[in-house]
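S.K.: Protein chains in written order, with my numbering: chain A, 25 to 402; chain B, 25 to 402; chain C, 255 to 321; chain D, 255 to 321; chain E, 36 to 216; chain F, 36 to 216; chain G, 5 to 290; chain H, 5 to 290.
Worth flagging that the hints you see were computed from the coordinates, not collected in a lab. Cβ atoms here follow ideal geometry from the backbone N, Cα and C, with glycine treated the same way. Mixed in with the good hints there might be a few duds.
Covered by chain B, per the in silico footprint, the following chain G stretches (three or more residues, Cβ under 8 Å) [said to hold, decoys possible]: (1) 85 to 98; (2) 108 to 121; (3) 156 to 167.
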Amino acid sequence: MAEHKKKLLQGNEACVEGAIYAGCKFYAGYPITPSTEIAEGLSVRLPKIGGKFIQMEDEIASIAAAIGGSLAGLKSLTATSGPGFSLKQEGLGYACIAEIPLVIINVMRGGPSTGYPTGPSQADIMQAKWGTHGDHPAIALTPAYVQEILTETVRAFNLSEKYRTPVIVLYDEIIGHMREPITIPEPGELEVIDREKVTCPPDEYFPYDERFEVPPLAPFGTGYRYHVTGLNHKKDGFPTNDSKQINENNLRIMRKIENHKAEIWKNEEVSLKDADVAVFSIGSTARSANFAVKAAREAGIKAGLLRPLTIWPFPDAAVKELAKRVKAIIVPELNLGQMVLEVERCAGGACKVEGIHRVDGEPITPAQILEIIKKHAK
Amino acid sequence: MAEHKKKLLQGNEACVEGAIYAGCKFYAGYPITPSTEIAEGLSVRLPKIGGKFIQMEDEIASIAAAIGGSLAGLKSLTATSGPGFSLKQEGLGYACIAEIPLVIINVMRGGPSTGYPTGPSQADIMQAKWGTHGDHPAIALTPAYVQEILTETVRAFNLSEKYRTPVIVLYDEIIGHMREPITIPEPGELEVIDREKVTCPPDEYFPYDERFEVPPLAPFGTGYRYHVTGLNHKKDGFPTNDSKQINENNLRIMRKIENHKAEIWKNEEVSLKDADVAVFSIGSTARSANFAVKAAREAGIKAGLLRPLTIWPFPDAAVKELAKRVKAIIVPELNLGQMVLEVERCAGGACKVEGIHRVDGEPITPAQILEIIKKHAK
Amino acid sequence: MGEAALKLPNIRINEKLCKGCSICVDFCPTNVLEIKGTVVAVKDLAACTRCQLCDLRCPDFAISVID
Amino acid sequence: MGEAALKLPNIRINEKLCKGCSICVDFCPTNVLEIKGTVVAVKDLAACTRCQLCDLRCPDFAISVID
Amino acid sequence: MSARYELRFSGSGGQGMILAGIIMAEAAAIYGDKNAVQSQSYGPESRGGASKAEVIISTQPIDYPKATAIDCMLAMTQEACSKYHYDIKPGGILLIDSNEVKDVPKGHFKTISFPIIETARKELGKTIVANIISLGMIAELTGIVPHEAVEKAVLARVPAAFVELNKKAVQIGFQSAKGLK
Amino acid sequence: MSARYELRFSGSGGQGMILAGIIMAEAAAIYGDKNAVQSQSYGPESRGGASKAEVIISTQPIDYPKATAIDCMLAMTQEACSKYHYDIKPGGILLIDSNEVKDVPKGHFKTISFPIIETARKELGKTIVANIISLGMIAELTGIVPHEAVEKAVLARVPAAFVELNKKAVQIGFQSAKGLK
Amino acid sequence: MSEGTVAKKQKLSVPFDYDKYLRPKKLPHIWCPGCGHGIVLKALLRAIEASGLNKDDICMVSGIGCSSRTPGYVDFNTMHSLHGRAFAFATGIKFAKPNMKVIVITGDGDALAIGGNHFIHTCRRNIDLTVLVYTNAIYGMTGGQYSPTTPLGDIATTSRYGNIEPPFDACKMAEAAGASFVARGTAYHTLELEKTILEAIKHKGTSVVDIIDACPTYYGRMNKYKSATHMMEVIEKDGTVSVKQADKLPPEKLEGKLLRGVLYKTDRPEYCEQYATQVMGKATGK
Amino acid sequence: MSEGTVAKKQKLSVPFDYDKYLRPKKLPHIWCPGCGHGIVLKALLRAIEASGLNKDDICMVSGIGCSSRTPGYVDFNTMHSLHGRAFAFATGIKFAKPNMKVIVITGDGDALAIGGNHFIHTCRRNIDLTVLVYTNAIYGMTGGQYSPTTPLGDIATTSRYGNIEPPFDACKMAEAAGASFVARGTAYHTLELEKTILEAIKHKGTSVVDIIDACPTYYGRMNKYKSATHMMEVIEKDGTVSVKQADKLPPEKLEGKLLRGVLYKTDRPEYCEQYATQVMGKATGK
Ligand SMILES: Cc1ncc(C[n+]2csc(CCOP(=O)(O)OP(=O)(O)O)c2C)c(N)n1
Ligand SMILES: Cc1ncc(C[n+]2csc(CCOP(=O)(O)OP(=O)(O)O)c2C)c(N)n1
Ligand code: SF4
Ligand code: SF4
Ligand code: SF4
Ligand code: SF4
Ligand code: SF4
Ligand code: SF4
Ligand SMILES: [Mg+2]
Ligand SMILES: [Mg+2]
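Just chain A, with the same shape it has in the complex (with noise of 0.2 Å):
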């Protein structure tokens, strides 16, 4: 029965079975290397299930048009590479403060700029957090295996739509295109969260009431007529200028988030509890750690893995809590330092932190990742 439903898919197509199991039912976006298998998947699956697709003139206008597609009561989905990525930053900083549900894949490919496109990289993780202006929420989700993406995706509505904030999905271009036998869950067998219904009477609505955590939106078209804008605002969503409620506006959608990390992260963990020095790493980099502390295991090394799914929020109590019980810790990732400054911050000096970094578009391999494994255990 189950091996009926094992399909072999690459990241990608895993990526459109998850929005689709998901509840997705509007896509827009503009085709880039290496994530454009996701668009034409979905233009293909959507309209079947009665869902729309659109591919937009840009980027810009496929994170607003997503935005809208939400808004108007659709699970959204955009998805892009690098360049895309950094052209729809002004929507997400947008979608943050008008908190709007979203969903945003980035298939990161070598940078920067056109850099090298059809090349894996990890090098937008600091972007994902900090690439629009202004402080906002971020929340990043970050699979490694095929199987992975698709669950993912389906916890990147699920978050999205709980907190009412986009979420974004992270994998580089070697899992995005790589082919893993996976299972589609049944219907049911996935947690799906869909969007709180608003039930109480249109003039008692506040699309941003500060009594809830997170206040439930009311579709457009349903009868709530309320206002929405990008400038700080009120409980009723109309711009102010009093300086109390401004600072009320950007820290509540900055709180809703902090106060659910422990919900919001998931970590993964390979023989960490007696380990000496452990590897912190994601996506495909993630994969060699793995292969490579099974070796150092076998190698007689006490070597563990810690693999965030959830890398933004930062998963600072775990790294905290490592630091203080090995050695070193090992960040690999495809790029020349990102994730390894967080990890030095959090280990506050408690143990070693060493990097190590690959930006010539090869993966870092087991063998990179043992001989510095081995190097620490020393």
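The hints should help you fit chains B, C, D, E, F, G and H with the ligands onto chain A, whose structure is shown.
M.R.: This is chains B, C, D, E, F, G and H with the ligands only, laid out in the frame that chain A set:
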């Protein structure tokens, strides 16, 4: 004599003076509060001195045109604020990898999104480093006084020409719009670095020659015909597929800044030598901090101020050293916690680090800072 | 109708909304209105022809004329 | 001129550049060319009218005809 | 810090409060021998509503550019007066337009009333120079900058055609304030 | 890790190397009882040039998806062969098209030559199925996946009109390889 | 035909109850004394009344600018989005909920400078959006820089020596890009504008109305107009000719004048309908 | 008139020495077998030869796409910029160095999808750029998604059920936006194209040449064209009519056909010149 040169100018007007002094001959921009006065000033001034001003159709076109102007040999500037800065991110990455000198001013206003357009903010600091996709070098300067906006604008042009890289000047709306008496320096009073002239025969010219740390840039139209691309490229500027060369390309643009951090850094210290409690602050907030530090000293507390004028590359050496000899570093900033993360990382647990954050559109007052200084002095 | 013609129109001015831009004054064909201080005022009600131009062109929802 | 007409044209093919797209073959009015393996080859040089269409439409700088 | 003198000019957008602030700062720092910084607050629209300009004058470098305890504040409208008077320091001065500000705030400061706009209209036929009259008055009331410096600063900022008008306005300000101290 | 079996299919863009890799992975993981991952490398243009697909087959979960030491590699062109043969492991297999690869690389692996494309043309009249023939050969040479699984996987991937053609191709592959072991 | 005569001919139910469509607590609006944006808004509200649409079914989306503040004052589903991007946000909303009437309010800067690409692509798709461009020849919100509709030679804070960039004709652009309804109106001709907007709202497909109105604060002051009234008379009244009149006028009388009224109208398949029938239809095998 | 006849009439110096303008080491280029981009490039190089311009004075700027790879192969001052932004980069270069001849190479996606706004603003300013749009009705580089010029009903990887977005007419758009020279050519009519490009290069002001060429790999395959040749015959030869012929043809014969040749040409002040005389002139009191 000097009196006649003294003028009461707005921060943004001082930026205009700085640009003119530095030899800026090309401005391309799109209006946005609170940076518009820079464009307005240069639209009047540039054509008087043989320079060119163009108002483009948006911020993306603005940074592109400015890069074009620079490649054609003119020192070029573009200025903007939050939303426009987000839109310029893709172009910024292009300037980094193509190594085109360029100065970008971001007069910071309340964000995220449209936010609070007339309110001050310091919430684009992390964006200045991480806003564009992929790894890339970043230089960002942070003046705090009107006079300093002039001198730092000149320094920005100098660094950008010297290192063939975009340089960002970040200041908040308060100093952008406030007026102070300033002195326009005489020609020769400040150093002005012009682009190194290329003299080799055209067939020996390689725009990305690895033999130089910073290969000189021959402007388009001067007989050196070469290729410029945002793809990873070889020394001749043509795209490459070779992992060694991709690696070298990515590392070299970082290295040229990394190796010269000490020259790029610029810190002002106020009574820091014997300080027990230090404040780390930039822009208008540093002015409050200065006030607070003096008040603390008057109250017998050994407080001091470390005020970086170069925020990127982050002054890690100074902070690391400082952390070892103070009880606490206080980081007041008009955001919800940006520089404080870097300070924490550099402190590495050696002293306490506490941020003071404010995002209600009002400045952080000296009293707010003094209170925290007192707390840590105990 | 004849009766209505005899009755003077009722020109309602919302002083809180009027910004004194003078558009209604300038376009009134029969000089009914004037600016007084910073807002509009009726100067010659009898001359009003109920043409509605003042209302139609007021940018501020500040004036209306009721038959 | 008469002499030139007698002389056969020189059709130069750069096999390193030819991608075998067949455009030159298809548009040659007198069937001079053919695809051999993966690249173009001359089949009937005598038929060549020197019309240059093969050169003009070759996307790959791979063929030229010298009088 | 005691050398710090804080002024606030408030009124409605269009009454020239920012210009008054700029001129005062120039009088102190360009035509006088002090330091000065001038700043202002905009509403989010950058147009309309209450408007304020602040000037800090000091013999020392000025760090914090915003008011902390106002030495002298001008209020040309009721809205501005009510909104902004709260941080006048004990012993400070509040100068109000007597025709505009009817609800006079109470506090440990000295309130001086004068029909500034009316004076501008009556004496000079132009209400537009009310800000310059008030500038003269403040110079006289506070003594923080010499009259000559204020006059020079005013004249440097106005177009040639309005030199005489403004000269008169600032003098009227000096004179009017004399009797009010 | 010893359970890890690494395959590489290389040739030029358009020869169906990636499809061959996908089918092999499906044979192992969908129609067989193993795990498999398939990955590929593109040039920066995503078109033309040498192309390679890699398949890792294992009885255990597969972490690192790229080749570390190749058990069996196919090279359909000289360029691909020269570029990609370097990490075949000692004792591994290199299958080459004997008409295409003239400069046969040396190493501690077993090289097997066969006119794959020519066979496709001669036996089936279509060079397009050369990749399927090679797939059958590799299945036979390596024994890593059962023939039935390979056949099922091939047939599931091809359009109905080409079922017979491909069935024949894969059988030719199985047969041709038998004598070459 | 003067606007006065029109007023008499057009059956007016006066005074019009604007409050029905306003969020009255939000007034006074932020627009300067004499700003044309308020006049345009009134014409729009009357057109909406005439259209018989239900408030719940109307969505209004704007970008950033003085004009783009309009949605804040009206009691519909309203969105004040990003500078230049209103079209794209609106496309998402409309495509997701095709039964809503989606109106885009935008300024000449918002629509034609930063938003130019979304403007033309909206027209090309012929998605059913009603687009009102408030064309005041300036960037009002940022304090008076020249816009893509500022006439040649005119003064703005970034063209102190006179503007050298030729202005766009939004109507020509819309038509070339594929909009199926293209019209122009002015704030001065407010009743005619109401009719034009009503026609635009009723049209199925992208309808663009370019509306000439005045920014007395910046454009007016810098270009020596004495008042808002003066601007309305010179620019809107004397500077335009209705298409109907234009037919009867000799070419010299038309020179330098913009045409008012419905300039282009055609019947082309609408995007959302096409998607429903062509794409979803084929995908589901219907 | 067939291209063969043209070939005979137009004085050909054959074989043309393309190497003079190429960076021969960079060949073979990355384009697929039969891709029209190479044919267009050759016409361009011949036109440049005919223009007599010096290589040092020529700058070529492109965006991103297969077409935008052109600058890498030619020996000028070349810039491969960002997707859609070539116009803006080129504007900066031209404005900074008005003596250079700046040529923009762009694709239908690059120019008309993401770059649409810069395209129309370039035309509006009438800055002296020669713009060649390689229109192959597809996004080639990313593997065959529909573009703003894909015909209705056609198949692409994102329009598997048939495209429902009406295509742009780049020439109409350019003219409406203000370009002072607008023309169309095809790769098939390569000599005519050469002449058209030469005229565009010689023109002062923004000149736009929309060039229909073929992407056999994606657009061709998905839409059942047998070969590059087949595409050139059906789309380029039979699908277009030259303006000269068009005058003589009855309307039914023109239906569904695109016009070739110079479609619009006028003399309007050029941006850089205006800046020099109007702005710098006034600023310096000259
Ligand atoms: C990305 C971005 N760039 C610039 C701005 C600044 N800005 C706000 S409104 C505006 C122009 C508005 O002009 P227009 O659309 O004509 O509206 P008006 O104010 O004239 O009604 C500009 C440039 C912004 N908010 N966002
Ligand atoms: C910002 C950004 N978005 C998307 C892409 C991906 N991309 C590269 S080329 C291209 C389309 C190219 O189409 P076209 O301009 O028609 O050129 P062609 O390849 O057809 O010649 C796209 C979408 C990119 N490089 N940058
Ligand atoms: S209704 Fe007509 S006549 Fe009466 S006040 Fe208004 S404009 Fe004047
Ligand atoms: S038009 Fe309206 S706002 Fe203007 S003066 Fe008349 S009533 Fe007042
Ligand atoms: S020149 Fe003409 S006739 Fe000769 S081969 Fe070429 S196309 Fe054929
Ligand atoms: S047209 Fe050129 S590339 Fe094509 S087959 Fe002929 S010579 Fe070869
Ligand atoms: S600035 Fe101009 S456009 Fe804006 S509200 Fe004022 S008059 Fe209207
Ligand atoms: S994909 Fe299409 S456009 Fe690109 S090179 Fe190949 S044929 Fe040309
Ligand atoms: Mg405007
Ligand atoms: Mg194309």
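S.K.: Now tell me if each hint is right for this structure.
M.R.: So, going through the hints one by one against the coordinates:
1. 85 to 98: It holds: at least three residues are needed, and the stretch 85 to 98 of chain G offers 3 whose Cβ sits within less than 8 Å of chain B.
2. 108 to 121: holds (count 3)
3. 156 to 167: Per the Cβ count (5), the hint holds.
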